[in-house]
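Participant: So you can see what is in the structure, the chains are spelled out below.
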Amino acid sequence: MDIYIIISVLIIGVLFILYYFERNRRGGSEKLNKRLQDIIDQLDSQARIIIKTDLALNRAQEDLDRKITGLYTLHELGKEVSSTFNIENIFSLINQPFVLKLGFSKLLIMLKDNLSGMLVTKSSIGYSDAEIKTIELDLNKRKFANLLFKKEKPMLINRDTESASQEYALLDILNTESFITAPIAVKDESVGFILMGNTSLYGKVVEGDSELLSIFANQIGAAIENTKLYTELFGSHKELERRVVERTQELEKLNEELKNLNKMKSDFISSVSHELRTPLTSIKGYASILMTGKLGDVLPAQKERLEKIDKHSNSLVHLINNLLDIARIESGNVQMEMKDISIKEMLDSIVDIIIPQVKEKNISLKINSKIKFDRIKVDPSQMERVFLNLLSNAVKFTPEKGMVIIEIKEKNDDIQFSIEDTGIGIPTQDIPKVFQEFFRADNALDQKIKGSGLGLSLVKKIIEAHKGKIWFDSELGKGSRFTFTLPKY
Amino acid sequence: MATVIGTGISTKLDSFASGKEAALSAYYQIEKKDPSIVITFISTIFNQEAVIKGIRSIIRDAPLIGCSSIGSISTYGSHRDSVAVFIISSDSIEFSYGIGREINKSSRLAGHKASKQASDSTHSPKQLYMMFSDSLSGNSADILRGAQEVLGTSFPIIGGGACNKSCIEKTYQYINGDIHTNSVVGILLSGDIKLGMGQSSGWQPIGKPHKVTKAKSNTIKEIDKKIAVEIYEDYFEKSAEKLRNEDICKLGLYYPIGMRWINKDKEYLTRIPLTIEENGSLILNGDIQEDEYISLMIGDKDLVLESAKKAALMAISNSKNAKIEFAIMFSGISRLLLLRKDAYKEIDTVKKIIGKNIPILGCYTLGEYAPFNAEESKGQCHFNNQSISIALFSE
Chain A
1 MDIYIIISVL IIGVLFILYY FERNRRGGSE KLNKRLQDII DQLDSQARII IKTDLALNRA
61 QEDLDRKITG LYTLHELGKE VSSTFNIENI FSLINQPFVL KLGFSKLLIM LKDNLSGMLV
121 TKSSIGYSDA EIKTIELDLN KRKFANLLFK KEKPMLINRD TESASQEYAL LDILNTESFI
181 TAPIAVKDES VGFILMGNTS LYGKVVEGDS ELLSIFANQI GAAIENTKLY TELFGSHKEL
241 ERRVVERTQE LEKLNEELKN LNKMKSDFIS SVSHELRTPL TSIKGYASIL MTGKLGDVLP
301 AQKERLEKID KHSNSLVHLI NNLLDIARIE SGNVQMEMKD ISIKEMLDSI VDIIIPQVKE
361 KNISLKINSK IKFDRIKVDP SQMERVFLNL LSNAVKFTPE KGMVIIEIKE KNDDIQFSIE
421 DTGIGIPTQD IPKVFQEFFR ADNALDQKIK GSGLGLSLVK KIIEAHKGKI WFDSELGKGS
481 RFTFTLPKY
Chain W
1 MATVIGTGIS TKLDSFASGK EAALSAYYQI EKKDPSIVIT FISTIFNQEA VIKGIRSIIR
61 DAPLIGCSSI GSISTYGSHR DSVAVFIISS DSIEFSYGIG REINKSSRLA GHKASKQASD
121 STHSPKQLYM MFSDSLSGNS ADILRGAQEV LGTSFPIIGG GACNKSCIEK TYQYINGDIH
181 TNSVVGILLS GDIKLGMGQS SGWQPIGKPH KVTKAKSNTI KEIDKKIAVE IYEDYFEKSA
241 EKLRNEDICK LGLYYPIGMR WINKDKEYLT RIPLTIEENG SLILNGDIQE DEYISLMIGD
301 KDLVLESAKK AALMAISNSK NAKIEFAIMF SGISRLLLLR KDAYKEIDTV KKIIGKNIPI
361 LGCYTLGEYA PFNAEESKGQ CHFNNQSISI ALFSE
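Here the protein sequences come in this chain order: A and W.
Reminder that position 393 of the first sequence reads as 393 in my numbering, one-by-one numbering, no gaps.
Reminder that position 231 of the second sequence reads as 231 in my numbering, one-by-one numbering, no gaps.
Among the hints, erroneous ones may be present.
Far from chain W, some chain A residues (derived; all Cβ distances over 12 Å) [unchecked claim]: (1) GLU189; (2) HIS237; (3) GLN249.
In silico DSS-like links for lysine-lysine, alpha-carbon gap of 30 Å or less [stated by the list, open to error]: (4) LYS52(A) to LYS238(W); (5) LYS79(A) to LYS12(W); (6) LYS67(A) to LYS250(W); (7) LYS52(A) to LYS226(W); (8) LYS165(W) to LYS204(A).
None of these hints come from the bench; they were simulated from the model.
All C-beta atoms in this analysis are idealised placements derived from N, C-alpha and C, irrespective of residue type, glycine included.
Here chain A stands alone, though its shape is the one from the complex (with noise of 0.2 Å):
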C-alpha cells in the first residue's frame, strides 16, 4: 500500500516537475515570438517608410516626364508654326496624337471673329461637331468671353473642387472633369483662348499644366500675328510685283516703238543716203571732167569754183558714207572683220595719219603703253576710224601748244585705251547727249571747227559691235579723256 503510495506522490513529483519545465519553456517561446513579431513589424514599418519615399520620388519623375514630353512636344509645333505663314495650317497640326502627348484629351481653340465678335472654334479635338455647335452657343450666349480670355493667367477649374457657379457651368458646357484656359494674345489683346481638359478623374489638369499652356497659347498668338504680318506684306508685295508688271509691260511697248521708229529712222537715213550718194557721185564726175579741161578750157574762176565744188561733194561723200555705217552697224547689216593685230603697228600708223594736225597746231603726243601683250582682235579699218575720230576731235578741240596723251592698260579682261586732251573740254548739260547723232557740243570753238556730229555716234556703234564700252570725263576749260575697253585677245 505504502509502496502504491510512494509511487503515486513519485509520479505526482514527476508530473509536477515536467509541467513546470513545460510551463518555463512555453513563456520563454511566447516572449521570443513576441520579440520575433515585433522584429517583423518594425522592419514593415520601416517599409512603408521607403515605399512613401519611393512613390514621391516617382511621382516627381511622372510630373518631371511629362513636362520634358510636353515641352519637347510644343518645341515640335513650334519648328512647324516658324516655318509656315498660313494659320490654318498650323491648327491643322494640332491633332489627337498631339494632344495626348501633351497629356490631355479635349481641346477647344476659339478666336474672336472680327465682325461679328462672336467665338468661333477653330480646332477642337475630343468633341464631336454637335458638341462644338452647342458649345459655341452656350459660350455665345451666356458671354463667358470674359472668364475665357481676359484672364491674365490660365485659368483652372477642377469638378471637385471647383463651386463656383459660372466656373463649375462651364465644366458642364464643356463637358470634361477639370481643363485649364489660356487666352491667345496678339498684340497685348486677347483674341480668343486655348483649352485643355481631361475626362478621365484619374488625369486631372494640374498646376504644372500652366507653364504649358501658357507656351502654348504664345505659340498660337505669335503664329496669328505672324500670319496677318506676313498677310499683309505679301498683299503689298503682290500690289508692287503687280505695278512692276504693269510699268514693264509699259515700258516694253515703248521701247518696242522706239525700236520701230529707230528702224524707220535708219531705213530713212539707208535710203535717202542711197538716193543722195548717186547724184553727188555724178556731180563729182562731171565736176572732176570739167577741171581736166577735156571739155573745154576752164577759167582760173571757174576752176575754183569747180574745186569747191569737188571738195564739199568730198565732205557730203563723207558724211553719206558715216550715216550709212552708222545705219549698217545699227540694224546688224555690218560684220566686224576680226583680225589679229598688233596694238602698237595700228597706234603708229594712226599716229602717222594724225601727225600732220599735230604738228600744225603744235601739240605735243604722247603715247602711253602699259601692257604687256601687244596683240589684239579687232577689225582694223574700223578701228582705224575709233581712233582717228578720237584723235581728230582732241587734236581739233585742243589749243595750240595743247597735250594729247593716248594710254593703254590692261584692266581686268579688258584693254583699256583713253585719249585724253587738254582741250576745251565739254560742258556739263551737254555730257548726256555727247553719243547722239548730229550732236554738236556748244560752244564759241565748237562753232568754228566743222563736224558733221556723227563721229562720236559712230565711234560708239563700233567699239559696242567689238563688245567694247566707251565713256568719258570732261572739265570746261580744261580737257576730256574719252576712255574705251575692247576685250584682251
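Add chain W to chain A, keeping to what the hints say.
Facilitator: Just chain W, lined up with the frame of chain A:
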C-alpha cells in the same frame, strides 16, 4: 532566303502618315519582298484606324496582327508614343493566327478559340505561340489556360497584355486590319526553327508577408482576415476611396502583389490590382490562390537591368549555341515606367548578350505570358507582370 525582318518606327504626330512611314521603312528594309506576316504595335495617342490604313497603304493585303502599346521595342531602342511595324518575310516559318472575343465573359474560352483557330490552320511542326490580349478585361491567367488546353501545358507561349496610357482606357487588338477590344489575338509560328526562351522579373518583396485568407479566381477578398484593399491603405496611408480615385492600377504598376515561386532564384509571380470593388476586394489582372502568402513588391532600376541580363542569358543558354536569326522581346509597362529615359539600357543589355545586330521585335505589355524560369524552353508558361520575356529564333 530564310527569314528577314524589316523594322519601321515612326513618331510622326499624324496617324495615317505615321503608319505609312513605319510600314514603308520596314518594307524597304526587306527589299520589298512579299511579307509573310506584319506585326504592329501602335500607341493609343494615334487614331488606330488611320494608322492601320497608313500601314495597309504599303503592305496591302498581307496578314497583319498586333496590339496597342505604350511603346515599342526594337533593335533601334525603346520608343514611346510610336507606331512600330515589323514585316517578316520567311520561307521557313509558317504563320497562322486566330482571335478570341469577349474575354470578359469567358477568358478561358476566348484564349482557347484564338489558339484553336491558329492551330487548325497549320500542319507544320508548331514551335511558338505569341498572343496579345486585352489587359483590362477578363483574367489573363485564364486566357493562357485556354491556349494551353489547345497547345499543351508545356508549349512555349510568349506575349502579353495590350496596354494604353492608363489602366482605365481601352486597349486594342488587331487582326488583318480589323481593330478589336476585349479580345485576344494569337500567332502560331510553325516550321523547322529552333527556339530559346528566357524570362525574369526583378521586382522584390518589401514589408512582411501576408496570407490570402479569402480569394476566388482573380479577386482577393481578404488578406490576413482583413478586407483586401487594406494592404494598400496601410502601406500608402490612403483611404480606399482615395486609392480608387487616384487609380489603384497606376499604383499597382509600381507596387504589385507578389507570390513567392518556389525555385532557386527566389523569383516572384506578380499581379496588378486593376480595380477596387465596393466591398474593398481587389480585382487583379491574374488569378491568385487562397492561403497563398503574398507580399507588396517594389522595383529598382538596377534589379530591372539585372533581370534583363538574366533573361537574355537564359534564352541564349536555351538556344544551345545556335546562330540567332531574330528575337522577340516583351517587357512589362512597369519596367518602362521605372527605367524612364534609361529604357534603352534594358534593350542594350539584351543586345550585348544576344548580339547587337540581331533584329528585335516587341513592345511594352501590361502582363506577360512566358515560360516561368524556363529551362530547355519547354517550361510551363505562366502569366506574370513586371517581367521581361525573350524568345530567340534560329533556323
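Participant: Indicate, hint by hint, whether the structure satisfies it.
Facilitator: Hint by hint, here is what the structure shows:
The Cβ of GLU189(A) sits about 30 Å from the closest Cβ of chain W, beyond the 12 Å cut-off, so the non-interface label holds. Annotated as non-interface, HIS237(A) keeps its C-beta farther than 12 Å from every C-beta of chain W; the closest such distance is 31 Å. Remark: the non-interface label on GLN249(A) is consistent with the geometry, its nearest Cβ contact in chain W lying 45 Å away (cut-off 12 Å). Pair hint LYS52(A) plus LYS238(W) holds up; C-alpha atoms about 11 Å apart against a cutoff of 30 Å.
For the given pair, LYS79(A) sits about 14 Å from LYS12(W) by alpha-carbon distance, which is consistent with the 30 Å threshold. Pair hint LYS67(A) plus LYS250(W) holds up; C-alpha atoms about 19 Å apart against a cutoff of 30 Å. Taking the CA atoms of LYS52(A) and LYS226(W), the gap is near 22 Å; set against the 30 Å cutoff, the hint holds. For the suggested pair LYS165(W) and LYS204(A), the alpha carbons sit about 14 Å apart, so the restraint of at most 30 Å is met.
When each numbered hint is compared with the structure, no violation occurs for any of them.
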